[in-house]
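Trainee: Below are the chains, spelled out letter by letter.
2 protein chains.
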Amino acid sequence: MRAALLAPTDRIDERLALSSVTIDSAVSTHADFPGWFDDLRTRSYTEVEPAAIDDLVGWSVDPATGNIVHDSGRFFVVEGLSVAVPGGPVPRWSQPIINQPEVGVLGIVAKEFDGVLHFLMQAKVEPGNCNGLQVSPTVQATRSNYSGAHRGRTVPYLEYFFDTAEHTVIVDVRQSEQGAWFHQKRNRNMVVEVRGPVEVRDGFRWFTLGQLHRLLAEDDLVNMDARTVLSCLPFSGSGVRRVVSAGDDWFRDGLLRSCVPGEHSVHGNDEILSWISRARSATDVDTCRIPLNEVAGWRRENGRIRHESGLFFDVMGVRVRARGREVDQWTQPMIEAHGAGVVAFLVRRVGGVLHILVHGRAEPGFVDVVELAPTVQCKPENYRVLPPEARPPFLDRVLAAPPERVRFAATLSEEGGRFYHTRNRYLVVEADPADDLAHPDFRWVTVDQLVGLLRHSHYLNIQARSLVACLHSLLGAPAAGTSKAIA
Amino acid sequence: MRAALLAPTDRIDERLALSSVTIDSAVSTHADFPGWFDDLRTRSYTEVEPAAIDDLVGWSVDPATGNIVHDSGRFFVVEGLSVAVPGGPVPRWSQPIINQPEVGVLGIVAKEFDGVLHFLMQAKVEPGNCNGLQVSPTVQATRSNYSGAHRGRTVPYLEYFFDTAEHTVIVDVRQSEQGAWFHQKRNRNMVVEVRGPVEVRDGFRWFTLGQLHRLLAEDDLVNMDARTVLSCLPFSGSGVRRVVSAGDDWFRDGLLRSCVPGEHSVHGNDEILSWISRARSATDVDTCRIPLNEVAGWRRENGRIRHESGLFFDVMGVRVRARGREVDQWTQPMIEAHGAGVVAFLVRRVGGVLHILVHGRAEPGFVDVVELAPTVQCKPENYRVLPPEARPPFLDRVLAAPPERVRFAATLSEEGGRFYHTRNRYLVVEADPADDLAHPDFRWVTVDQLVGLLRHSHYLNIQARSLVACLHSLLGAPAAGTSKAIA
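Those sequence lines, one after another, are chains A and B.
My numbering puts the first residue of the first sequence at 1, with every later residue one more than the last.
My numbering puts the first residue of the second sequence at 1, with every later residue one more than the last.
Read the hints as simulated data drawn from the structure, not as lab findings.
There may be inaccurate statements among the hints.
Identical copies look the same in the list; a pair holds intra-copy or inter-copy alike.
[Stated by the list, open to error] Below, in silico cross-link-like pairs of lysine to aspartate or glutamate (DMTMM-like), each with a Cα-Cα straight-line distance of 25 Å or less: (1) Lys379 - Asp220; (2) Lys111 - Asp270; (3) Lys111 - Glu271; (4) Lys111 - Asp24; (5) Lys379 - Asp219; (6) Lys379 - Glu308; (7) Lys379 - Glu389.
Model the full assembly from the supplied sequences, consistent with the hints where possible.
Mentor: This is the structure:
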């Protein structure tokens with residue numbers, strides 16, 4: 001293996017690159033993953049069934065507002081949001097939204113074995129997962145988890161993220177979650193490298209980045225929280241170049257160069273920041289929290305809250321019986337989206353460097369008006385009831401792309417703690433070279449520019465971050481072009 | 001002049017450095033400033049007198065809420081804010097606050113003459129200024145200004161900031177304003193370099209940075225909006241080093257090195273970002289907009305709204321008759337703070353590099369919980385009525401500093417469009433080398449680290465930004481140590 005030839009290095013970008021080309025190590029081999037995972041799946045007994053909102057235990061519908069609240073006043077509240085976007089294709093609407101103001105921790109413990117960084121991941125059941133277990137960060141903790149409101153067992157490994165003085169912090173940045181469904185939710189994304197011994201508890205396992213990147217390509221396997229934390233790793237092409245060459249694969253060569261700071265980019269960093277400033281200054285998104293029973297166009301029926309069109313999403317409840325989670329039996333409200341969405345980056349080589357077409361997108365739950373989003377992020381069927389001018393630009397180009405231009409395609413789940421069977425088709429699609437894709441709300445950026453922005457909050461939305469993790473996964477992938485199907 | 005020896009350069013940091021050491025140029029000499037300014041002061045007829053809130057014309061007190069609103073529904077609203085900071089020295093309070101959701105433009109036009117960057121500034125009257133005219137950016141425009149609600153004349157030069165395609169954008173970043181008095185206000189700070197001819201209208205004048213830096217040291221002369229825009233300029237010590245040497249002045253040598261990227265710093269950039277993430281995750285600032293007539297402890301008397309202690313600030317009204325502004329006669333509500341505040345950076349050389357002690361500070365009006373603030377930022381007299389544990393750390397050390405450790409001292413005005421005779425003593429004070437200043441809510445950072453953060457929103461509060469502009473002004477200042485009085 002090329003990786004083994006490298007001298008030891010302290011540079012984090014080189015250490016990440018080395019981990020990303022390591023598929024088998026002394027502590028963890030890729031071939032052993034299915035056995036470990038299947039065994040856990042067999043042992044993790046979980047039963048999830050839909051429940052009427054009024055039948056939830058420990059949750060009540062506030063008679064005055066209709067809001068769905070926990071009896072302790074903690075966790076989260078499902079309430080209403082009234083949204084005005086003057087000049088937008090849908091200038092005014094109201095909708096249910098989850099309000100969860102506390103900042104939780106999504107943390108991965110990292111540790112070096114034989115010179116290669118490994119990441120401690122958990123096989124975790126979440127009630128919204130369509131398939132039970134998924135590969136998750138070491139820790140997913142809401143503040144309620146660790147301050148006792150959950151009445152659950154203490155969250156294992158959380159201490160590494162509370163007191164980092166003895167460790168090396170590789171990632172520590174608060175990032176947004178779905179701005180369509182959460183009101184200003186942020187989680188603290190962390191990766192902490194530990195030098196001392198780390199106990200591997202049942203349900204946890206060390207992975208190299210190369211292993212995680214392979215798993216990312218499988219449907220519904222690496223969960224959303226793991227994807228967002230991985231996307232914040234300070235990858236750089238300079239590090240990758242020391243451990244892997246693109247060979248004659250022009251796509252990977254362009255991707256590699258896209259990860260190198262200072263390589264050619266269509267827009268300078270300051271130009272991108274200025275474009276974001278302008279978009280955030282010019283866009284008015286006026287939101288107001290309202291009682292859930294005042295959202296217009298939404299109805300309570302069959303124990304759910306649905307839009308009268310039957311589209312968008314439902315607020316529903318689930319009853320969960322689980323083993324291997326903090327508490328063994330509970331009910332909770334969730335959001336269930338209708339139909340799978342499409343989340344895609346259109347990419348193109350410019351001057352030999354792969355560029356990504358990002359969208360400056362306003363979502364009602366964002367803290368700061370606009371974030372960079374995928375080229376396409378939507379549920380196509382919703383546009384049946386919306387005005388034609390609301391149809392997303394580039395959606396049809398993505399859907400019509402021939403298989404040889406689809407560089408990444410996997411169906412991935414959204415957060416299984418809040419979203420029930422809610423999945424999106426994640427795609428990286430090469431643009432047709434003949435297409436003119438100029439649009440004032442979109443810009444071509446390099447991966448390195450996105451990595452730079454990811455050191456800060458509020459720049460990339462959760463869907464774009466998942467796709468950044470997917471792009472990183474293509475750096476160490478087999479050179480043979482494997483074409484993918486869109487759907 | 002050393003500056004004249006330089007070859008022409010395209011690097012913005014070198015161009016800024018060159019401008020900062022240029023005191024006299026072909027188009028603008030420092031000695032001509034007083035004559036120009038005094039002439040304008042003579043000609044700018046302005047009369048401002050306090051008025052009872054109920055007597056304001058075009059503004060009403062909403063009978064249901066007590067909020068003070070403009071009849072057009074635009075400009076801004078004075079309303080109430082309820083604030084909870086669990087665990088803080090004052091865990092819960094309510095107060096009046098200004099809500100002005102639109103993002104305005106604070107813009108300076110730049111242009112090169114004879115190889116030196118110049119900045120077009122305006123001598124502008126604001127009703128809250130204690131002395132009428134102050135040196136202001138080329139443009140201070142609320143969105144109401146330029147969309148017609150003001151019924152005023154078109155704002156001159158605004159076009160350069162709307163369509164920047166023909167120009168070079170040097171600064172373009174939204175920054176916060178006083179988080180104690182504004183609810184989530186942000187303005188877009190811009191500097192745009194224009195290549196073509198620029199008409200200099202009456203009341204406007206070209207300045208070098210060296211001239212502006214000298215004026216900054218004078219009381220109440222360079223206004224707050226000018227200071228915040230200047231603070232966002234991408235200064236770097238590498239540029240400064242090419243045009244100026246610190247000689248044997250150890251303070252300036254440390255300051256110069258503090259502006260150089262990659263010089264020694266006590267904490268790495270990622271460590272600072274991680275500390276900010278932690279502070280923003282751990283701090284709960286729960287705010288809720290409430291009707292102004294529901295703020296507790298505040299009373300209406302003599303046409304004003306005052307705190308029952310007589311401290312903090314008043315909401316009051318003014319009647320203005322002016323010439324040389326968008327409209328010639330108007331009334332408006334303002335905020336009047338009681339007593340001058342103290343705004344200070346404690347600084348110290350570490351490894352020969354000047355470091356600044358910044359405070360991770362929560363203010364109720366911040367968009368993102370915590371911003372970096374000066375070491376000390378307070379009105380000392382307010383602490384008479386607050387619990388002793390609320391007394392700001394380091395205040396007494398700043399007030400007790402001997403004159404030879406005071407490197408910058410000037411009384412500067414806050415924004416004269418919203419604040420009436422509201423001034424702070426801005427100080428840069430060397431810490432006593434014997435003092436242990438470790439505190440979990442404070443960190444030592446370099447100027448270069450602050451300049452890096454200033455490319456993004458929500459990192460430095462308005463008072464810290466003013467002090468960054470003051471620090472920059474010391475780079476090109478005379479080498480002779482001029483000691484200053486604290487008050």
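Trainee: With identical chains, the pair Lys379 and Asp219 could be close in the same copy or across copies; at 25 Å between alpha carbons, which is it: within, between, both, or neither?
Mentor: Intra 18 Å, inter 58 Å, cutoff 25 Å: intra-copy only.
Trainee: Which holds for Lys111 with Asp270 at a C-alpha limit of 25 Å: within a copy, between copies, both or neither?
Mentor: Cα proximity of Lys111 and Asp270: across copies only (19 Å, versus 35 Å in one copy).
Trainee: Pop the pair Lys379 and Asp220 into one bin, within, between, both or neither, using alpha-carbon distances up to 25 Å.
Mentor: Cα proximity of Lys379 and Asp220: one copy only (18 Å, versus 56 Å across).
Trainee: Treating 25 Å as the Cα threshold, decide for Lys379 and Glu389: within, between, both or neither.
Mentor: Cα proximity of Lys379 and Glu389: one copy only (15 Å, versus 53 Å across).
Trainee: Can you tell me if Lys379 and Glu308 fall within 25 Å by alpha carbon in one copy, between copies, both or neither?
Mentor: within (17 Å within a copy, 55 Å between copies)
Trainee: Given a CA cutoff of 25 Å, do Lys111 and Asp24 count as a within-copy pair, a between-copy pair, both, or neither?
Mentor: Result: close within a single copy only, 15 Å intra versus 59 Å inter.
Trainee: Since the copies are identical, ignore which copy is meant and state whether Lys111 and Glu271 lie within 25 Å (CA to CA) inside a copy, between copies, both or neither.
Mentor: between (38 Å within a copy, 19 Å between copies)
Checked against the numbered hints above, the structure breaks none of them.
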